[in-house]
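K.L.:
Sequence:
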Amino acid sequence: MTDIPLLSLAIWVPIIGGLLVLATGSDRNAPLARMLALAVAVAGFVVTIPLYTGFDVGTSAMQFVELQSWVPRFNINYHLGVDGISVLFVLLNAFITIIVVAAGWQVIQTKVAQYMAAFLIMSGLMNGIFSALDAVLFYVFFEASLIPLYLIIGIWGGANRVYAAIKFFLYTLFGSLLMLIALLYLFMQSGGSFSILDWHQLPLPIEPQILIFLAFLIAFGVKVPMWPVHTWLPDAHVEAPTGGSVVLAAIALKLGAYGFLRFSLPIVPDAANELAPLVITLSLIAVVYIGFVALVQADMKKLVAYSSISHMGFVTLGFFMFNSLGVEGALVQMISHGFVSGAMFLCIGVLYDRLHSRQIADYGGVVHTMPKFAAFFMLFTMANSGLPATSGFVGEFMVVLGAVQYNFWIGFVAATTLILGAAYSLWMYKRVVFGKVANPHVAELEDINGREFAFLAVLAACVLAMGLYPFPFTEVMHASVNELLRHVAVSKL
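Position one of the sequence shown corresponds to residue 1 (UniProt numbering), numbered consecutively onward.
These are calculated hints, taken from the structure and not from any lab test. Mixed in with the good hints, there may be bad ones.
For lysine-lysine, the following DSS-like pairs were computed, each having C-alpha atoms within a straight-line distance of at most 25 Å [unchecked claim]: (1) Lys302 <-> Lys430; (2) Lys372 <-> Lys436; (3) Lys430 <-> Lys372; (4) Lys302 <-> Lys167; (5) Lys111 <-> Lys167.
Could you build the full structure based on these sequences and the hints that come with them?
P.N.:
Okay, here's the thing in structure tokens:
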């Protein structure tokens, strides 16, 4: 263990840096704001690297722990730590922040400092969510992270942005209030402790367990989002600027799924076992039904937004099989989805910046004018379909194997839906990229510039590296996943 407070740095470097970017003020200083934002984003990523290099994969205990008293009267602490489940998301979040700052470099011309600052501050808050071991600290970060995203959608979004931002805010806030009630109940039952790790050991009767599980299910289910509380996501994605969509898909959706692993499964294991069929059913509906919904979309961004819901259905499916293949597969799927969906939204953003349309019908024959772009878009579309040797395959394959171990027919249904994912992804790609040049606007398109090439190439490298050699990811999570499953297997009644 190091004496350097690495997790505090991962949280506060982006937040304080974001405030400094905000201090650059008006758009006269936009070039300074951009350079400073990029420097802060890179610094924020650099401070997370020792979390991976110094991580001990042999233990499931929390590492890099920091503990300071915060509100002694209520036993609330500034308590941070990561295990194999959460450490990779801190790195993913810091990495995606750099991509988002680079992606908004030329596109955002108004309120540049505020735009960049919102992303940096949100990055720090999300690292706080992934590393908080005190429930109040978790809740503060969880709620605070809504504010920058709300502003990003509401200020820099499309024509219908205010509606989308308010819908996103209200849905998530409603879920969070149920979670707050559950957290307060656990505080009372544990004799006045807000430590999440203490709650993992807390014996509870089955009735309160089920109520707590349902409160967490709604709170985290809205965030994932699970069917039927998913309707805020397509609106938010369509209206958000490209950077907002990338962070929403790559990081924000993971907060809900992470909540299941940190709260629902270890704190109320009996309820989790009891209600697993409910979650599995909701997950399969998300995977199958939302796949069909994605198939009929005319707007590229909406199609990828619905595909995100379908992919996250695989994640919640994997969690509730209660075997290590399923849970590890779901975690790999979450990280892969961070790369792939982020890249898909960046590709759509590249097209939108040039033609100012997201309608599939307005494109066609893009390969003739943008061959480099078409190659990247092809890779990411294939990864979105789950092609072997891309990161999209690894997680889904592991979840399907875990599902077959649990119940053959659930595995069968999950596996056949992969065809659906390929259908909507490839059909969109065919209509946008292949064929004759559809209209004079497409004929005038310019291929990607050096900046766009750089961020797409970095994501392409991540997608291929994770697809070809997933071991560095699965090795980190293995001990923590086995410990989690041990918790779920032991009754608290």
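K.L.:
A separate judgement is required for each hint: does it hold in the structure or not?
P.N.:
Hint by hint, here is what the structure shows:
1. Lys302 <-> Lys430: The hint holds at about 17 Å.
2. Lys372 <-> Lys436: Holds: Lys372 and Lys436 sit about 17 Å apart, inside 25 Å.
3. Lys430 <-> Lys372: Since the Cα atoms of Lys430 and Lys372 sit roughly 16 Å apart, the hinted pair holds (cutoff 25 Å).
4. Lys302 <-> Lys167: Answer holds: Lys302 to Lys167 is near 16 Å, not above 25 Å.
5. Lys111 <-> Lys167: 24 Å, holds
The structure meets every hint from the earlier list without exception.
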